[in-house]
Amino acid sequence: MSTQFEMLDLLLVSPAIALFLASLIPLAIKVLRGNTESNSVATIMYGLVGVVTAMVLTLANYGIDKVAFQGALRFDGLSFWMQMVVLVVAAVTLILSRDNPATNNRLFSEYVFLLLNSLVGMMIVAWSNDLMSLFIGIETMSLCLYILIALSSEPRKSKEAAFKYFVLGSFASAIMLYGISFIYGTVGSTYIQDITQVSIQLMNTNRLFLFGVVLTILGLCFKVSVFPFHSWTPDVYQGAPTPLTAFMSTGVKAVSLAFFLRFIAMEVIVSERAILLMNALEWLAAFTILAGNIAAIMQDNLKRMLAYSSVAHSGYVMMGILAAGVGGESILGASGVVFYIVAYTIMTLGAFGILVLFEKRAESSLEVSDLSGLGARNPWAAACITIFMLSLAGIPPTVGFFGKLFIFSAAVKQGFFWLAVWGVIGSVISVYYYLRPIVTMYMQNDEGASVLQTKGLTRLAISVLAISVIVFGFIAESIYSTVTSDLASLFF
Amino acid sequence: MLLSLLIFLPLVYALIVMALPARFSRPVSLALSGLHFVFSLVLLARFDVTTADLQFVEQMDWVKSFGISYFVGIDGISLWLVMLTTFLTPLTILGSWTAITDKVKGFHVAMLALEATMIGTFLAMDAVLFYVFFEASLIPMYFMIGIWGGARRIYATVKFFIYTMFGSLFMLVALIALMFMTQEMLGGQMSASILDFYKLEIPFVAGQFLNSQTLLFFAFALAFAIKVPMFPFHTWLPDAHVEAPTPGSVILAGVMLKMGTYGFMRLGLPLFPEAVEYWSWLFMLLAVVGIIYGALVAMVQPDIKKLVAYSSVSHMGYVVLGLFAFNAYGLTGGLYQMLNHGISTGALFLMVGMIYERTHSREISQYGGLAKAAPWYTILFVIVTMSSIAVPMTNGFIGEFLILLGGFEANPIFGAMAVLGVVLGASYMLWMVKRVFFGGEGEIVTKYKSAGLDLNIREAVVMAPLIVLIFWMGIFPNHFLRGSKASLEHLEKNMRTYELGIHNPSQKDQSEKYSMAEERGE
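Sequence lines, in order, name chains A and B. So in this note's numbering the end of the first sequence lands on 1197, straight run, no missing numbers. So in this note's numbering the end of the second sequence lands on 895, straight run, no missing numbers.
If we strip away everything but chain A, and leave its shape as in the complex, we get (with noise of 0.2 Å):
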């Protein structure tokens, strides 16, 4: 095999170079200045910069459809979606880190270094056209992120979490690797385009190819989250930073979340001998969806309720994922998916990231009931909240409700009608957990025990994020479209 690139596929990957040399400025500086943490917005300064002239880089490539490096890595809509989704992710997480105690400490320098690079691993995973540089983009996000989460200031619990983190996750990195190894073994190859042409054929007649496909799959299911697969969750997504937890219930989600449609969409699950895989998946993604809602209502602390609604939202993306995987109208799938994972990242983040604003110590954690009180007086942060709530919630008009109105309509056009069922009743399940912050601060007239700190950045983040979610509720239709036309070529 040659190792030669041409120059087009450095200029399709500068994104992610340029990514790289940003993170380098901060370590850099930080070395050159003999170890001093240097200003912390001018930190952040740098890792934006990155940021921004990678979303620059990607918007040039918009409206492509290219492969690069042989074939390992695809540029196309979907490519595109993601791309935009994880640098908009980045750029709030570096602005809430920077206004977090528990990540603004004295390694805040290696801390932008890290997440800019579990940044590229994610553009490497939405890149990916090849279960190799799935795997490596993958792990590169990963370890970064269990660094990451270790090196908060709180001294704990985000231990604990970074620990379970890693080693379930290097777990499930290696069921996936088994996996992707019987794929390679029965294809004899590991990019999807050669594996989409006998993908339907094998599974018919080849067991260790279907071996193969299903602990890829558990894999991947690990990774967002599905059910039986969640239960680290909410342990590493209440232990993490909360800017982190935004950073992973997003940017790791929507990546991972894109990689299982691309996988999916090679029609692994259309034949005759994969009914049963189907058939397990569709009982998965009710049991996420159910398991997430009942669990998030017993839930006090609103980290620990936000990460089982994030688990009760892979469930919705997994009704998506399936209806893209069944042929016929499965463009209706994807383009339900990647609208979904769009407004499901801007909501969570809101969500997450109002969270920052009231941790006025690393260790602090916001209960529910501290909340209470807090309609009269800051009624800015109330109305943000109840927005990320409401929309959570799926309740029109905000941005929340055209997704999953797009899921279920996939879901129901593509023969999944008790699964739509079972997903109106997980939505049901959910109101009552996300109108608790809303009741707790409008009707408790209690002094709850939060406190808002005053940071600028974060507010502005906050504020745009409220925005969108009500602005893309009504502009659903330009985005969907654009979205539809952008995915076309995802289905062979």
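Where hints are given, some of them may not hold.
[Claimed, not checked] To spell it out: a stretch of chain A is covered by chain B in this simulated footprint if at least three of its residues, at any positions, have a beta carbon under 8 Å from a beta carbon of chain B; those stretches are:
#, segment
1, 1089-1102
2, 1178-1187
[Said to hold, decoys possible] Here are the simulated DSS-like pairs of lysine-lysine, each with C-alpha atoms no more than 30 Å apart in a straight line:
#, chain 1, residue 1, chain 2, residue 2
3, A, Lys1160, B, Lys476
4, B, Lys478, A, Lys1160
5, B, Lys478, B, Lys807
6, A, Lys864, A, Lys771
It should be emphasised that the hints constitute simulated quantities derived from the structure, not laboratory data. C-beta atoms are modelled at their ideal positions from N, C-alpha and C, and glycine is treated no differently.
Following the hints, put chain B in place on chain A, whose structure we already have.
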């Protein structure tokens, strides 16, 4: 533009109220909502009563790939419900002048936002737009009960929200399924327009539950049955009503419950004719059970407000009975009873609120002999009671009589059972009146007598239009019914093949406007 203004102006009003200092909230929102009522009278005057088609239609693409549009229009079915909304809102704001003392600005913003979403629900002719307004109306009501409500307000408001949301999400799935059916019918392009839904022929198998028409019908029916609420989905209602502040109860009973019955008329009946015909016995049965059950439970309530709340269950049962009887009498009576219930139950809740403001008690046993202490209040209360128990000359009589006629025509047994409900209705209301207003002086009356229990001028002004309407609607029902006649006849005659056209206003020679009839003194 007319209908869009009707929907969105209240939101503009809400923004104005939000921008002004709190001391202006009450007068400004009263003036603006009053103005809005006058504005809706313009609509009434320009409404063409001869046609069953949609009028003042506005259509604009919204989510084009799913065929969802911003599509509003009005016909005889929605006309009076819109008028009811714009009519009750200023009265409620005036009625709550002294009842709401906390967070006054927020309350009026919620009230005006609620008005916008309720009008939107009645005017939306796109199924998804309808769903959006239907759901969005929950949010202001949720805050209204939760912030300004009584002691158990949080339990009540969360129950109300989740219960309603539960039903309507099933409706959402059914809506999506219908949208894909239009795609097959229209050859590729999806549509969420209710007019396109009417053209669908949804496969139906009698005697089976698992066929598309039956399933879709029940998904819609669940949403509306919870909203109405029909027995056995009514349990949220007493909680919500008892805990809601007076204006919340008035709007909830007066308008929001009608969204359910309106939904049956707009979507449930015309979309699924075979399923409706096959399953109408079930709905009529539940309606009759609701009528009798509601009346019996109301009878034993120790709390006036709870009594009125259960009477709502009973009265809304009549509406459902009328609709599912599906003949000219039943439909007309059903629609009329929606308006009656809005006015008489709205008035009852207002009056209960007025006395509660003075005595802070709603326990029937603590009252007695109120007639002497508050004669004007008593007179008005008795008039409203008469309307509620359907005494001739009041609006309630026309509605219930038509429904009973329709009920007998459709099924004599259910008709007879509903008549039993009328008797029970009269007995619990009159018994309550007896215990509260007559007999020996109750402890609470003695305690507050010196402070003055009778109506003040503001309250008299609130009640006057309601009392006038009670008699007007009772004596001249045609003034109101002629607006809906064409639409109701159209619905009744074309049950199997119901379709709605869009009115073309250029054919002026045929049209007959509401204003003309009034000039003729009809």
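Results for each hint:
1. 1089-1102: holds (count 4)
2. 1178-1187: holds (count 4)
3. Lys1160/A with Lys476/B: Holds, because 28 Å separates the two Cα atoms, which is no more than 30 Å.
4. Lys478/B with Lys1160/A: Given that 30 Å is the threshold and the Cα spacing comes to 28 Å, the pair holds.
5. Lys478/B with Lys807/B: Not satisfied, since the Cα-Cα distance of roughly 39 Å exceeds 30 Å.
6. Lys864/A with Lys771/A: violated, 42 Å
Going down the numbered hints, you'll see the structure goes against 5, 6, while the others check out.
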